[in-house]
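Colleague: Sequence:
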Amino acid sequence: DLGAKFWNYRRIPSLEQILLIDSTRMYVGSAVPRNGGRDWSLRDFTRPEDEVPILQEGTIALAQLYRNLPLSSTSK
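Count along the sequence shown from 1, add 79, and you get the number used in this note's numbering.
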């Protein structure tokens, strides 16, 4: 949800990462604060072999994250 919720989450000083996970296609966006939270960096992950960093936990491959979710073959 890149609307008002995302803006509100960004205002939480202790927040270190926001993960945006799409339930209809293989996509994860990872947003992390920069410059003391004034700026945010967003990285997109779309390939099964992509490793999504999860702060303080390591990484998870998209294929693992979506392993039990039936995705539409027409979703891009």
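Hints are supplied without guarantee of correctness; some may be wrong.
[Unchecked claim] Between beta-carbon pairs, the in silico distance windows are: (1) Asn114 <-> Gln143: 17 to 23 Å; (2) Gly115 <-> Gly82: 34 to 40 Å; (3) Gly116 <-> Pro149: 34 to 40 Å; (4) Arg117 <-> Ile139: 16 to 22 Å; (5) Arg90 <-> Glu128: 18 to 24 Å; (6) Asn147 <-> Ser120: 25 to 31 Å; (7) Glu136 <-> Phe85: 19 to 25 Å; (8) Ile91 <-> Gly137: 18 to 24 Å; (9) Gly115 <-> Phe85: 27 to 33 Å.
Derived from the structure by calculation, the hints contain no laboratory data. Built from N, CA and C at the ideal position, the CB exists for glycine as well.
Colleague: All the hints need checking, so say for each whether the structure fits it.
Modeller: Here is how each hint holds up against the structure:
{"no.": "1", "hint": "Asn114 <-> Gln143: 17 to 23 Å", "verdict": "violated, 32 Å"}
{"no.": "2", "hint": "Gly115 <-> Gly82: 34 to 40 Å", "verdict": "violated, 24 Å"}
{"no.": "3", "hint": "Gly116 <-> Pro149: 34 to 40 Å", "verdict": "holds, 37 Å"}
{"no.": "4", "hint": "Arg117 <-> Ile139: 16 to 22 Å", "verdict": "violated, 28 Å"}
{"no.": "5", "hint": "Arg90 <-> Glu128: 18 to 24 Å", "verdict": "violated, 34 Å"}
{"no.": "6", "hint": "Asn147 <-> Ser120: 25 to 31 Å", "verdict": "holds, 30 Å"}
{"no.": "7", "hint": "Glu136 <-> Phe85: 19 to 25 Å", "verdict": "holds, 21 Å"}
{"no.": "8", "hint": "Ile91 <-> Gly137: 18 to 24 Å", "verdict": "holds, 23 Å"}
{"no.": "9", "hint": "Gly115 <-> Phe85: 27 to 33 Å", "verdict": "violated, 18 Å"}
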